[in-house]
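S.K.: Please take these sequences and the hints and turn them into a complete structure.
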Amino acid sequence: MNSLLESYMNELKLIETVEEYEAFNHRLIQELQQEKFDTGMIRSIRNKGRYMTNEFSDTATKKIC
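Once you know that position 54 of the sequence shown is 54 in the numbering used here, the rest is easy, because the numbers rise by one and skip nothing.
A couple of the hints might just be wrong.
Computed spacing ranges between beta-carbons, pair by pair [said to hold, decoys possible]:
1. Thr39 / Glu16: 28 to 36 Å
2. Glu16 / Asp38: 26 to 34 Å
3. Gln33 / Met9: 15 to 23 Å
4. Arg46 / Thr17: 14 to 22 Å
5. Asn10 / Lys48: 15 to 23 Å
6. Arg27 / Tyr51: 23 to 31 Å
7. Glu16 / Arg50: 27 to 35 Å
8. Ala23 / Asn47: 15 to 23 Å
9. Asn54 / Ser3: 14 to 22 Å
10. Glu16 / Lys36: 27 to 35 Å
Quick caveat, the hints were computed from the structure, so don't treat them as lab data. Yeah, the Cβ is synthetic: ideal placement off N, Cα and C, and Gly gets one too.
M.R.: In structure tokens:
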């Protein structure tokens with residue numbers, strides 16, 4: 001596996017908040033674009049990132065209530 005992706009996967013496991021996830025996802029997409037990864041893959045990650053942001057938000061809201 002690409003060492004870049006492996007380091008991001010390890011970081012992803014430690015994320016606990018929506019804000020951390022959004023910052024992580026932004027950095028990941030920037031890095032993938034800089035490293036010239038496949039455009040379709042970047043688009044897919046960006047789309048899944050939006051979904052996961054909503055999941056994090058829903059989970060956080062349920063914990064508060």
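S.K.: Could you run down the list of hints and mark each one as holding or not?
M.R.: Going through the hints against the structure:
Between Thr39 and Glu16, the C-beta spacing of about 30 Å keeps the proposed range 28 to 36 Å intact. In this structure the supplied range 26 to 34 Å holds for Glu16 paired with Asp38, their Cβ-Cβ distance being about 30 Å. With their beta carbons about 18 Å apart, Gln33 and Met9 fall inside the hinted range of 15 to 23 Å. At roughly 20 Å, the beta-carbon separation of Arg46 and Thr17 lies within the given 14 to 22 Å, and the hint holds.
Our hint of 15 to 23 Å for Asn10 and Lys48 holds, since their Cβ atoms are close to 18 Å apart. The hint said 23 to 31 Å for the Cβ distance between Arg27 and Tyr51, and at roughly 18 Å that hint is violated. In this structure the supplied range 27 to 35 Å is violated for Glu16 paired with Arg50, their Cβ-Cβ distance being about 19 Å. In this structure, Ala23 and Asn47 meet the distance hint of 15 to 23 Å, their C-beta atoms being roughly 18 Å apart.
Between Asn54 and Ser3, the C-beta spacing of about 30 Å breaks the proposed range 14 to 22 Å. In this structure, Glu16 and Lys36 meet the distance hint of 27 to 35 Å, their C-beta atoms being roughly 31 Å apart.
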